[in-house]
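Colleague: Here's the letter readout for the chains.
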Amino acid sequence: MSNWERFVDTFFSVKVMTKYFPDIAYGTLVTIELAVLVIVSGLTAGLALALLRSLGWRPVNLLLVFVVDLFRALPPLVIIVFIYFGLPAVDLSPSGFVSTWLSLTLVLMAFSEEIFWAGITSIPKGQWEAARSTGLSFGQTLMNVVLPQAIRLTIPPLTNRTIAITKGTALGTVVAVSEILGMASSAVSNSYNPSPLTLGAAAYLILFFPMVVLGRWLETKMRWKR
Amino acid sequence: MIVEARGIHKHFGALHVLKGVDLQVAERELVFVIGPSGSGKSTLLRCLNRLEQPSSGSVMVDGVDLLDPKTDINHARQRIGMVFQSFNLYPHMTALGNVTLALRKVAGKSRAEADALGVAALARVGLADRAGHKPGELSGGQQQRVAIARAIALEPRVMLFDEPTSALDPELVGSVLKVMRDLRESGMAMVVVSHEMGFARNAADRVVFMDHGSIIEQGTPQAIFETPSHERTRAFIGQIQRH
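Line by line, the protein sequences are chains A and B. For what it's worth, this note's numbering labels the leading residue of the first sequence as 1, then goes sequentially. For what it's worth, this note's numbering labels the leading residue of the second sequence as 1, then goes sequentially.
If you are wondering where the hints come from, they were derived from the structure by calculation, not from laboratory data. Please read all numbers here as calculations on a predicted model, not as lab measurements. Among the hints, erroneous ones may be present.
[To be verified] Covered stretches of chain B (chain A as the covering partner; in silico rule of three or more C-beta atoms under 8 Å from a C-beta of chain A):
{"no.": "1", "stretch": "78-84"}
{"no.": "2", "stretch": "91-102"}
{"no.": "3", "stretch": "148-157"}
For glycine and all other residues, C-beta sits at the position ideal for the given N, C-alpha and C.
Generate the whole structure from the sequences, applying the supplied hints.
Modeller: Listed below in structure tokens is the structure:
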């Protein structure tokens, strides 16, 4: 066996890949499910917190900033482990899937809150004043004038952060979630061949590459002239 | 009186920006406020629609006490149009969208009604053909005229202009002043903070000179520009006219 053949057999063994393809495909579905849930709940919670923060209620904001900083500081893996192994102590036993979903949601919530908030505060004061001078209320100004502009500004950083955090679904493998990486590593252990990892990598590429492209497309589409 | 402001004081921290200012504006009257920068003229204007909350004093507009906590300020502001130095158009909306937003959200018009009123308002400022353009596609003068249309579409009782031409290239100033002159001729009460002395001379009913947070003197344009009675007014007019 030449070196090249050995390399191909190690990482691209057709036999192994064929055998474990259904497992990786299943893992991909689990990853998609987890990712969609994290994105929807994380961004919704982040936007809700940013809107809450814009009301400028001091005690609430102090708490809010503390929570946000906490989840921005903690590594997602630590949060997953804490929820999965810690919560049973208070008679809650979330599954690995729920633990991973909850952890990544909290992290995405924290980061996206900061991004939404930065977007809201970057809108010039004159926009608020013009809208309020025509009789629009605080809430109407926020929803109709400020937020649409803020969201456009936040799309590039938000896309990047969302992709980074969604890739954290691979951390679920630590708490036995049968997502892509989890399925691939057990396939590697069973087959004594790393080819399933190649399949897994391909699955991640297929999933996340379109997200990157979508982010770029949104970025250009959402631009407007000042 | 459309506007009756009495004893307006405004503090920004240690700064005493307005020191007991009285200003009345009658129906159909154009009051022109001049004064050196930092004299408090913009702050006074912003107190008249409560964008700035006066520290003390009273502001009545069209019979509504703006400083009464029971007053619905959003409702009251519909009667007070405001135009800003930097236009402040909403960049994500078309000219028509800018003009109709408050018509729909505040005045409660349907989209069709608001669009009709919006197009009419844009026609009054000579921009009916620009209804579908975004602010970024319009010149500064056109943007400011859209901003005026946005305010007059709500049929205010008084219009406040905060240095409406200061951010414009000289060749675009005329188009905005023309719209303001038309508005004045239609009988709109107006308070204008501006350095356009030529406009003040031939359009204002009354010129108010402010310095250091107080009204120093006021009178007809002739009286203020030709025979000012105060040394500070004379000095300011002299400086302006040398340019």
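Colleague: Hints numbered earlier in the text: which of these fail when held up against the supplied structure?
Modeller: Of the numbered hints given earlier, the structure breaks none, since each of them holds.
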